[in-house]
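Colleague: Chain by chain, the residues run as shown.
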Amino acid sequence: DVKVTQSSRYLVKRTGEKVFLECVQDMDHENMFWYRQDPGLGLRLIYFSYDVKMKEKGDIPEGYSVSREKKERFSLILESASTNQTSMYLCASSWLQETQYFGPGTRLLVL
Amino acid sequence: KQEVTQIPAALSVPEGENLVLNCSFTDSAIYNLQWFRQDPGKGLTSLLLIQSSQREQTSGRLNASLDKSSGRSTLYIAASQPGDSATYLCAVFDMWGAAGNKLTFGGGTRVLVKP
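In order, the protein sequences belong to chains C and P.
Position one of the first sequence corresponds to residue 949 (this note's numbering), numbered consecutively onward.
Position one of the second sequence corresponds to residue 5 (this note's numbering), numbered consecutively onward.
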């Protein structure tokens, strides 16, 4: 079974803090993705990576950066958290354009 | 730009009734279409993937059809059960950018199956 894990289920941070969200997959997938999900706006792609050290911007990359130093690990970084980044963050991985496997999500609250 | 629409946004049916969930997309140049289930506060679980060359895909009580030319897919769930209550999302895989692919998601249909 494919397993995608995320470092935290719930996170509370203050405005201006630097926030790291980590995602690990155990299936040697090339592709990894970060989404955010908001009521009424659905799932939106923030960044994705198709190989180690490679990244592409998604639909809403502003205010975020990513890091992929190892194939199994993809980190999302909020350089200076703001209240409008309060959201559910979902990580996923896939082999090429096949099925995406999602982690359980991290619910982030920025105060 | 690909747009994916799911109508209705919410659906309530009595237990035992068949569920029919609709998905439409604007650009027919897709690699595949995927259906997911999401329980409240949880991540997404993949249900079915239909390749662009396929017409349908089945898994147990689930059957998904794909009509690429008209930009439509339908997910059928036979003999619904209260445990089928969840949000169902469809997503299409486009070619995007020089080096990668991305999924475009619909807004989802929230399903309630009443005992």
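The hints are simulated quantities; they were obtained by calculation from the structure and are not laboratory data.
From the three backbone atoms N, C-alpha and C, an ideal C-beta is built for every residue, glycine too.
The reader is advised that the hints may include incorrect statements.
BS3-like cross-link-like pairs, simulated, lysine-lysine; straight-line CA separation at most 30 Å [what the hints assert, rightly or not]: (1) K118/P - K1003/C; (2) K118/P - K1005/C; (3) K72/P - K966/C; (4) K1018/C - K72/P; (5) K1003/C - K5/P; (6) K1019/C - K72/P; (7) K961/C - K951/C; (8) K951/C - K46/P; (9) K72/P - K1001/C; (10) K1019/C - K951/C.
Cβ-to-Cβ under 10 Å is the rule here; a few derived chain C residues that face chain P [to be verified]: (11) E965; (12) F968; (13) E1010; (14) Y1049; (15) P1052.
Colleague: Now look at each hint and say whether the structure bears it out.
Modeller: Hints and how they fare:
1. K118/P - K1003/C: At roughly 44 Å apart (the allowed maximum being 30 Å), K1003/C and K118/P break the hint.
2. K118/P - K1005/C: This hinted pair is violated, its Cα atoms lying about 42 Å apart.
3. K72/P - K966/C: Distance of about 44 Å is beyond 30 Å: violated.
4. K1018/C - K72/P: violated (37 Å)
5. K1003/C - K5/P: Satisfied, since the Cα-Cα distance of roughly 20 Å is no more than 30 Å.
6. K1019/C - K72/P: violated (34 Å)
7. K961/C - K951/C: holds (27 Å)
8. K951/C - K46/P: holds (14 Å)
9. K72/P - K1001/C: Distance ~35 Å between K72/P and K1001/C Cα, so the pair is violated.
10. K1019/C - K951/C: holds (14 Å)
11. E965: This hint is violated: E965/C lies away from chain P, its Cβ roughly 24 Å from the closest one there, beyond 10 Å.
12. F968: violated (19 Å)
13. E1010: violated (17 Å)
14. Y1049: Holds, about 7 Å.
15. P1052: holds (5 Å)
Hints 1, 2, 3, 4, 6, 9, 11, 12 and 13 from the list above are not met by this structure, while the remaining hints are.
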